[in-house]
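J.: Keeping the supplied structure of chain Y fixed, place chain G upon it in accordance with the hints.
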Amino acid sequence: DVKVTQSSRYLVKRTGEKVFLECVQDMDHENMFWYRQDPGLGLRLIYFSYDVKMKEKGDIPEGYSVSREKKERFSLILESASTNQTSMYLCASSPGTFSYEQYFGPGTRLTVT
Amino acid sequence: LAKTTQPISMDSYEGQEVNITCSHNNIATNDYITWYQQFPSQGPRFIIQGYKTKVTNEVASLFIPADRKSSTLSLPRVSLSDTAVYYCLVGGNTGNQFYFGTGTSLTVIP
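These protein sequence lines map, in sequence, to chains Y and G.
With our numbering, letter number 29 in the first sequence gets 35, and the count goes up by one each step, no holes.
With our numbering, letter number 4 in the second sequence gets 14, and the count goes up by one each step, no holes.
Extracted from the complex, chain Y is given alone in its bound form (with noise of 0.2 Å):
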């Protein structure tokens, strides 16, 4: 099975310090992405990658930034979070060239205080 995981489920961090959201695949995937998902507005997409060191910005790039230095992993990192930016944080992964079937992690509600 392919399994996707995410480093923290939940996370508080203070207004302006700088946070880093891992994810891991074990599927050799060479897609990844980082949704985020609020009351109302269902998931949108932050960024995504298609390969080490490739990055494109999704729908709500604002804020974030990305790393991705092995195929395995994909970093989300607020530089100088905010209380705007608590929320549910997804990570998924698919393969080939944007397979439609995403796998995603368990998420990391993220709050900001």
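By construction, these hints were calculated from the structure, which means they are not laboratory data.
Predicted, not measured: the structure shown is a model, and the values here were computed from it.
Idealized CB from N, CA, C, for every residue including glycine.
Misleading hints may appear alongside valid ones.
[To be verified] Take a look, some chain G residues computed to stay more than 10 Å from chain Y by CB distance:
1. Asp21
2. Ser22
3. Glu24
4. Val28
5. Thr31
6. Gln59
7. Thr63
8. Lys64
9. Thr66
10. Ser71
11. Thr82
12. Leu90
13. Asp92
[As the list claims (entries may be wrong)] Here are the simulated lysine-lysine pairs, DSS-like style, with alpha carbons at most 30 Å apart:
14. Lys63/Y - Lys24/Y
15. Lys13/G - Lys61/Y
16. Lys13/G - Lys63/Y
17. Lys19/Y - Lys61/Y
18. Lys59/Y - Lys79/G
19. Lys9/Y - Lys61/Y
20. Lys77/Y - Lys19/Y
21. Lys63/Y - Lys79/G
22. Lys24/Y - Lys61/Y
23. Lys77/Y - Lys61/Y
24. Lys59/Y - Lys24/Y
25. Lys13/G - Lys9/Y
T.: Same frame as chain Y, now just chain G:
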């Protein structure tokens, strides 16, 4: 970017067939239609995908009319464990065209 519109919520009794319709008027020629299911405190899970006409698997059926401007996910004989949020996703094979929408919250009633 093809965006989708779904009903916010639906209720159904156990054992009934449930149909959830998704509108995607701006679907592009190379876009596929994919449905995901999400339980509380979990990430979404792939259910079914199609391009046109009808697709069926062990979990659901997907009906897509000729103009492809909408699609219907059909869940046969739902049970309480089908209570979840269902997302319709329209995406192509280029770029960041993965729009999940707000999903439909299905509640199955005993």
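J.: Does each hint fit the structure? Answer for all of them.
T.: Hint by hint, here is what the structure shows:
{"no.": "1", "hint": "Asp21", "verdict": "holds, 19 Å"}
{"no.": "2", "hint": "Ser22", "verdict": "holds, 21 Å"}
{"no.": "3", "hint": "Glu24", "verdict": "holds, 27 Å"}
{"no.": "4", "hint": "Val28", "verdict": "holds, 20 Å"}
{"no.": "5", "hint": "Thr31", "verdict": "holds, 16 Å"}
{"no.": "6", "hint": "Gln59", "verdict": "violated, 5 Å"}
{"no.": "7", "hint": "Thr63", "verdict": "holds, 17 Å"}
{"no.": "8", "hint": "Lys64", "verdict": "holds, 17 Å"}
{"no.": "9", "hint": "Thr66", "verdict": "holds, 17 Å"}
{"no.": "10", "hint": "Ser71", "verdict": "holds, 17 Å"}
{"no.": "11", "hint": "Thr82", "verdict": "holds, 18 Å"}
{"no.": "12", "hint": "Leu90", "verdict": "holds, 22 Å"}
{"no.": "13", "hint": "Asp92", "verdict": "holds, 19 Å"}
{"no.": "14", "hint": "Lys63/Y - Lys24/Y", "verdict": "holds, 20 Å"}
{"no.": "15", "hint": "Lys13/G - Lys61/Y", "verdict": "holds, 22 Å"}
{"no.": "16", "hint": "Lys13/G - Lys63/Y", "verdict": "holds, 17 Å"}
{"no.": "17", "hint": "Lys19/Y - Lys61/Y", "verdict": "holds, 26 Å"}
{"no.": "18", "hint": "Lys59/Y - Lys79/G", "verdict": "violated, 36 Å"}
{"no.": "19", "hint": "Lys9/Y - Lys61/Y", "verdict": "holds, 22 Å"}
{"no.": "20", "hint": "Lys77/Y - Lys19/Y", "verdict": "holds, 28 Å"}
{"no.": "21", "hint": "Lys63/Y - Lys79/G", "verdict": "holds, 27 Å"}
{"no.": "22", "hint": "Lys24/Y - Lys61/Y", "verdict": "holds, 20 Å"}
{"no.": "23", "hint": "Lys77/Y - Lys61/Y", "verdict": "holds, 12 Å"}
{"no.": "24", "hint": "Lys59/Y - Lys24/Y", "verdict": "holds, 21 Å"}
{"no.": "25", "hint": "Lys13/G - Lys9/Y", "verdict": "holds, 29 Å"}
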